[in-house]
Amino acid sequence: MGLPALPPHWFQILLALADHDRHGLGVMSDVLEQTGGRMKLWPGMLYRNLAKLADEGLVVEVDAPAGAETGGGRPRFYHLTPLGRRACASEAERLAGFVATARRKKLLKA
Amino acid sequence: MDWVAALVRLYPRDYRARHGAELTEAMRAVAARERAAGGSAVVTGVRLALDAVVSAWVLRTSRLASRASHPGPRISDFAPRTSRLAPRGDSIMQSLVQDLRYALRLLRRAPLFSALVVSTLALAIGANTAIFSVVNGVLLRALPYHDPDRLVVLYEGIGSINQPFGFSPADIGGFRDRARSYEAVAAFRSVEYELSGVDQPERISAARVSAGLMEVLGVSPALGRTFTAEEDTGRQLVAILSDGLWRRKFGGDPSVVGRAVVLDRRAYTIVGVMPPRFTFPNRGPRLNNVPADVYVPISFTQGELRAFGSMYNNSLVARLAPGVTPAQAATEADAITGRLVRELYPAELQGIPLQIRVAPLAEDVVGNIRRILFLLLAAVGVVLLIACADIACLMLTRAAAREREMAIRSALGAGRARVMRLILIETGVLALIGGALGLALAWWGQRVLIAAAPIPVPRAAEITFDVRVLAFTSIVATLAALICGLLPALESAGRESGTALKEAGRGASAGTRQRRILAGLVTAQFACAIVLLAAGGLLIKSFFRLMAIDPGLDAGSVISASTNLPSGSYRSGADVRRFYVELLERVRRLPGVTAAGAATDLPLSVRERRVFTVENPSEASRALGHTVANDWVMGSYFEAVGVRILRGRALSDADTLTSEPVVVVNETLAKQYWPGEDPVGRRIAWGLESNHQPWMRVVGVIGDIKQAGLAAPTEPETWQPWLQMPDQILGSTIVGVFRGMKLMVRAQVPPTTLVPAIRQEVRALDPALPMTGVQTLEEIVGASASSQRFNAALLGGFAGVALLLAAVGVGGVLAISVSRRTQEIGIRLALGADALSVIRMVTRHGMTLVAAGLAIGLPMAFAAARLLRALLFETAPYDAVAFAAAAAALIVVAFLACAVPAIRASRVSPVTALRID
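Protein sequence lines, in the order shown, are assigned to chains A and B. Here the first sequence stands for residues 20 to 129, where the numbers follow our numbering. Here the second sequence stands for residues 9 to 925, where the numbers follow our numbering.
Isolated chain A, as found in the complex (with noise of 0.2 Å):
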């Protein structure tokens, strides 16, 4: 049994982290492009939620990279932790496998 279906904003959140650390606004800016302006990740909700995903062991806070950008302030990324990335990839199966049933039926061209 795989891990059970993360709400669609933990999965952006956790996809936009997949492939480097990133701060705060670098997530919010991440989702809203790989979402094509779907999705608007809003200040309170966002750092919430990153709290949230901490509590689950899902990302950790870490300090920032050398040389990092962060618009000022004291800077803390967030790192993607194996259990996330674990999570965030069954999450993608489980949507790859709702596509690839929408083109057996000719929703979608293959």
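Keep in mind that the hints were calculated from the coordinates and are not lab data. Where is the CB? At the ideal position from N, CA and C, for every residue including glycine. A hint or two may mislead.
Far from chain A, by Cβ distances over 12 Å, these chain B residues were calculated [claimed, not checked]:
#	residue
1	Arg273
2	Leu457
3	Glu590
Here are the simulated distance ranges between beta carbons [said to hold, decoys possible]:
#	chain 1	residue 1	chain 2	residue 2	range
4	A	His28	B	Val51	16 to 24 Å
5	B	Arg379	A	His28	55 to 63 Å
6	A	Gly55	B	Ala150	36 to 44 Å
Position chain B relative to chain A; hints supplied.
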């Protein structure tokens, strides 16, 4: 502290310490991103605020929940606290919620007080919102056309006449060709048609318009298209429906374009439907001011295009060319008028003193109503201030009763700000509930106000509750909360806790400062009240002066009804003549009818003004204006409306096409042009001395009628026999004046009982012809004073409410004063003072405050009265009678308000009073 930092402060303290900087940066970045994407700053701000509020709440409640499920201590539990009541470690959010809960509890425990305050605020805020919504819809919103500030209307006038006319068709083309100030010019004229072919025939308002009108206004039809130039010049039967008519009579059928609409029994092809909320013409201007249900091409005939010096009944609307101001357009118009007359007018009309006036369209639409609307807004604002002063007094005394509670809070560490905030939250909650109720009341009140308005309110369909009105209500409610709560809040926060704890236990008299504040509030209330009372008094006196004007008619027992003969069934003048002669004969024979006549205009309204010339004029009369209001009458019109024949005779049905052209003049015309002479037998003619129509003999002089309205100065007037008009003119559809007659029927019985019988007679001649405009002559005369009546009633009503609130204020303050001086009064009574001296003492206290209010308010009233000058009729703004009456009313009501607590004070039992501790 900027707004982003304020939002971040909603979060718990430790969370802020960890994430505050990031949150701040992220909020600013989001705001910038949304701005760059063209989003509304307000919407973004609201969403950021909601995000912060929700997140902060979720964080706090999840912590509380996790604390409940994990009852063990957390690290943050060991953070130092200095006071249980106002822990310094709590964020604003938590203490706000605490204070809010406490305020709601207190208000629930005092239901009468809360209900009184909420209902007072609801009424006052509701009145303000209702009036503001009308101001917003009529004055603040732009007209529903493209770039409406660039639209102007143009009028013509002749020399010395104050009131401008419309434009003559003969002048429109010439003006258009010579003017450089406009991108586009279009003409329009309000008419009425009989709409048939759709359930019941009815008369509808219509507008004849140039093909380019919609282009000038910058509005396109929602369905179909506008008129083409060929349809206009070719007089084709095409029509554009308004959205309202389309929905009402055609069921909103999207395939209506191409269908027929029957107007005046002729089929017009529908070529378009205008969008919803499009209104044209607008109410407000002097002429062509009826919003149209249907638009048809104006299609001037050759005759109209050559009618120099007449037919001044079209309105012109134009879009200014880029960079041109209305002032520049007006200067150009002055220059063009001379050229128009010189280059186009025939020789016999050279020298006619033509004028062209240019006015911004918005000003033309709302200019007349602006003053009264702002006056009403000011009046309800004053009523709100007085209501807030009442509530402030109540809150002050309530705060005084809670001195001990506030003292304990202060002793336990609640700062002054916290104590003030508590009071302000209480008033804030009351104002919020009052504001919400007020909004609902305003919705209803606005509908009532518009329906009760004496003249149709311009742009009435655009009066709605939009964001601006809601923002206004919010601001007013916030201001009310501040005004009601600030003084009590300052008072509560200002007392030292030690003093308060000592004094609150002993029931000593109220502090001097508080007495002074209460006295100041009462004085301010009466100062405001006298301003409103004086204004109301002036308008009431003006109304009564107007009603005392003799209209020149005997308005009792007369009924009026109108019919208009459609050209589709009554093609020739002979048809029109036959109908009205027969109708009048039938109506005359009805039982109870003593006189029956008809006219092209209702009494107390003027449609037609003409230039005339006098045969063998005196030297003195040459300098006069030579224009006259004119009407056409038939039957026993003068007898029906009860005018006095001073000399000669009235017109009669013996004055026909085959008899000498005759005319009846009014007393003013007779005195001006034949001073000291008998004008009967003299002759006048339409047109100038150098070129006029055939002479008409004056056969009678009648007493002046206030034909232009009760408030208007009496002008020279003439009446001609309708039966002397040639068939060609009677049957004309250009203006169609002679097709629409207003019956005037005098009866021995109550005139409204004749209506069914008259309708029966109309139906007997034409079963499909609607009869409209049924009203008594008394109603017609009354309508002439309706604006004054409305203004007086509204402002007088507000003044009455203001006085009542102020009386409640002084009565309340005196009652508080008496209750606090009970011991003192008891001592006086025990030492032999009689009841009368106690009454005098208390009343003197109250009336001193009233006198101070009068002293401050009367100069303010004098200053404000000047603003009313334009609204008053034969009443000076400094009318002594009106001011004296207002002051007397205020003193009497205030005296009664003071008497009640004074009499109660005199009945205090000395024994009980001395025992009170």
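How the hints compare with the structure:
1. Arg273: holds (60 Å)
2. Leu457: holds (42 Å)
3. Glu590: holds (76 Å)
4. A/His28 x B/Val51: 16 to 24 Å: holds (21 Å)
5. B/Arg379 x A/His28: 55 to 63 Å: Taking Cβ atoms as reference, B/Arg379 and A/His28 lie about 57 Å apart, which means the hint holds.
6. A/Gly55 x B/Ala150: 36 to 44 Å: Since the Cβ atoms of A/Gly55 and B/Ala150 sit about 37 Å apart, the hinted range of 36 to 44 Å holds.
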